Amino acid sequence: GAGVSQSPSNKVTEKGKDVELRCDPISGHTALYWYRQSLGQGLEFLIYFQGNSAPDKSGLPSDRFSAERTGGSVSTLTIQRTQQEDSAVYLCASTGGGSTDTQYFGPGTRLTVL
Amino acid sequence: AQSVTQPDIHITVSEGASLELRCNYSYGATPYLFWYVQSPGQGLQLLLKYFSGDTLVQGIKGFEAEFKRSQSSFNLRKPSVHWSDAAEYFCAVGAAGNNRKLIWGLGTSLAVNP
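Taken in sequence, the protein lines are chains A and B.
So the number in the working numbering is just where the residue sits in the first sequence, counting from 1, plus 881.
So the number in the working numbering is just where the residue sits in the second sequence, counting from 1, plus 7.
Treat the hints as calculated values from the structure; they're not laboratory data.
Don't take every hint at face value.
[Said to hold, decoys possible] Selected chain B positions facing chain A (in silico; Cβ < 8 Å):
1) GLY50
2) LEU51
3) LEU109
4) TRP111
5) GLY112
As the structure is a computational prediction, the values presented were derived from the model and not from experiment.
The beta carbon of each residue, even a glycine, is placed where N, CA and C say it ideally should be.
Please work from the sequences and hints to get the whole structure.
Right, dumping it as structure tokens:
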């Protein structure tokens, strides 16, 4: 596609519910990242996928967070039993996978947990 | 510890005035440095990046940045600001050879007065 797309653009959920956020990377990009941007904070790395390698999950804040990438393309970030502190904008980025490649970002999903 | 500091949370300039946004980093390895811009309702867009070579790098929209290793800085500059430059600006650093886990500053919000 022309760019990274994310859906939904906005998600409001109740505390304790599970949510799934979707990311469609740029076609042909092998690397995919998830970040979280909380109000007044910088971007926080969550997880990184590169090709068929095991993902780098070191940024996931708790075991309620998980992500998968099917077929090396679309990725889904799942948050189980959401908490109010999970409210943030979740950003996805993709690159060609080279060490100097630029990360191209999607517009983000704004998650609000009531 | 690895970190990026953007000392100015908010800056206001008049249209046509010059601009300098500060970025200081602390990073153990040879850094790759980035400036991204985030406009309201838009995704993060890369303005410019430094990997090696000439320490003065040119970016899009008339922006430039200078890498000063001795000062651990990568300040962003523009000689004449336009009203459309009003946005949030983020500095980020990553390791040479590893484009994962960019470390991000908290951002500088730029307002432009007519």
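Verification of the hints:
1. The restraint placing B/GLY50 at the interface with chain A holds, with a minimum CB-CB distance near 4 Å, inside the 8 Å limit.
2. Of the supplied interface hints, the one on B/LEU51 holds, with its beta-carbon coming within about 4 Å of a beta-carbon of chain A, less than 8 Å.
3. Using the Cβ-Cβ criterion of 8 Å, the hint placing B/LEU109 at the interface with chain A is satisfied: the shortest such distance is roughly 7 Å.
4. Among the interface hints, the one on B/TRP111 holds; its C-beta lies about 4 Å from the nearest C-beta in chain A, closer than the 8 Å criterion.
5. At its closest, the beta carbon of B/GLY112 sits 6 Å from a beta carbon of chain A; the interface hint therefore holds under the 8 Å criterion.
When each numbered hint is compared with the structure, no violation occurs for any of them.
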